[in-house]
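Trainee: Sequence:
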Amino acid sequence: MYVIGTAGHVDHGKSTLVKALTDIDPDRLQEEKDRGMTVDLGFAWMDLPSGREVSIVDVPGHERFIKNMLAGVGAIDLALLIVAADESVMQQTREHLAILDLLQITTGLVVITKTDLVDEELVELVKAEVEDVLQGTAFEGSPMIGVSAYTGDGVPDLKTKIDDILANTNSRRDLGRPRLPIDRSFSITGFGTVVTGTLIDGQFAVGQEVELEPSGTKCRIRGLQKHKSKVDSTEPGVRLAVNLSGISRDDIARGEILTMPGWLTSTRRLDATIRMVKGAPHPMRHNEGLTFHLFTSETTARVRLLDADRLGPGEEGWVQILLDEPIPMVKGDFFVLRSAEDTLGGGQVVDTSPQRRYRRFDNDVIERLMMLHQGTGEDMLVSVADQWGPCDLSTLSQRANLAETEILERIKTLIDNGEIISLGELGNESDAVVYSKQGWDILQGKASIALQTYHTQYPLRVGAPIPEIRSRLNLTQGIYLKALARLSADGIVVEEGQSIRLPNHTSELTPELEEKATSYIRTLEESPYSPPTDIPLDNELLNALIGQGKVVKVNESVVFSASAYKSMTAQIIEHLNSNGSITVAEARTIFDSSRKYILPLMEHLDQQRITRRQGDERVLR
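Residue numbers (my numbering): 4 to 624.
Wrong hints could be hidden among the right ones.
Said to hold, decoys possible - Okay, derived cross-link-like pairs now, DSSO-like style, lysine-lysine, Cα gap no bigger than 30 angstroms in a straight line:
{"id": "1", "residue 1": "485", "residue 2": "553"}
{"id": "2", "residue 1": "233", "residue 2": "22"}
{"id": "3", "residue 1": "162", "residue 2": "229"}
It should be emphasised that the hints constitute simulated quantities derived from the structure, not laboratory data. Predicted, not measured: the structure shown is a model, and the values here were computed from it.
Throw the hints in and build the complete structure from the sequences for me.
Mentor: Below you can see the structure in the form of structure tokens.
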């Protein structure tokens, strides 16, 4: 299931478009019908051409009702940014777009409405203006479509486009921890209390005991409705009406979260990363009082800037936020911060229960916040490994904010479950590194693609030089060798000498080419550290020899035999281990060679991530 949300300026046709799509009028309040303007959230649903069922949240566009808009878009999967063809981009278009960007709602579709009121040329001009506004936001490059809800022109195409986008959008994850941010509560005669919202992170079932946060009130699910149809259970990512027993409608307010008992806590202090809106009308200052919005909840707050005295438009920083009222949240939730009139910025929750108020500009605090990201226990370890991997146990424990001894058994369990991949044996003194399953799958894919690309480009070569694939994978030498051993053991790649290949790749040289190759290498080795650079040789044959690991090309003209390259590299590393650094002049002396050969060699070692340049010297990476 997916939830779609509208966004855009007042009177740009959001509600009219929803009705044209669904045949449901989302304006449910008499005030809205009298004024012809959406005041609060409206809801509808429809079946797409594929049969996929979607919910729609229609939000108000007027600036006075921006808090209601914020309550509606926190848990949507696809945003429809509505822009009227006869007015183009307006103030609330920009503010709604900024809010969607802050909430990291990255799947979007721009709908140009009221196309029947203007000519086609003006529609194209509006699209061009919208494209400019989308630049630098999560919506940059989003598709656009023109419609007229009045004539129906473009509405079927819009449904198809929505269907196509959702077909390639991941559905909400089921974490086993359901949360329903409540956006409405009311009573129905004969049924009792009903709350509505968008379900995330888990499932609900009839008869289930649930809890309201932050009040802590427990009750039970008497009935569930999805799109006015009764259901026994629900999956995440659906608009839901929940009939509750054991609680009065007067005891529930918008902003509370319905969940299963015992796990979700509310907080009045949180650590977060924050990003300012690029068009913010003024900077955010330390300890400024603002309004904090998260899902359907809001409260006033003080924002303590931890690494700056002020944050200007588009700037980012670390903050500790002190809330006037407790709000339930988990790590990773997104929020928005507003002044009385403007959206200034927003961010992501990093820690929901910091133990103290921090001293500002404390590097240790900032480093800890950078390490903290998601969850606890096994979930947190997987998330950290996914985000920071590959990493050793020491790094993993720091990023997860857990003791190394505490994570060993958890990691072993995750390995048994296939959620973590270990390269090397685990132990307290282990040099093993770990990947998340997703990270390892990505690495396998990258390695296979890199090798297939190489084989296609150089079919005569036995394989790719081992250092070249390492540079493409952007791994350190130690991790790369561990990864290569695992890839070889799993049959993903085959090692042959100094090269690696895919299992199905073969290459052979003709006797004539073998003779030319032998002669070429013999000539190189006659002067191993200053080999001639004018030996005629076909490029493909040279590339084949490079792939076989028999020669190493360090720039367009200098080629060393493999034995010479290995000897020079070993001597340079030995010198670095003894002296800490080496210059080009020192290397020239060691090999009794010239700058023509030594400088390209040193630059090549930099590229292979064996050494790193510091001024006129090289050091080990």
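Trainee: Taking the hints in turn, state whether each one holds.
Mentor: Against the structure, the hints come out as follows:
1. 485 to 553: holds, 24 angstroms
2. 233 to 22: Given pair residue 233, residue 22 holds - Cα atoms ~23 angstroms apart, limit 30 angstroms.
3. 162 to 229: With a Cα-Cα distance of about 21 angstroms, the restraint between residue 162 and residue 229 holds, given a limit of 30 angstroms.
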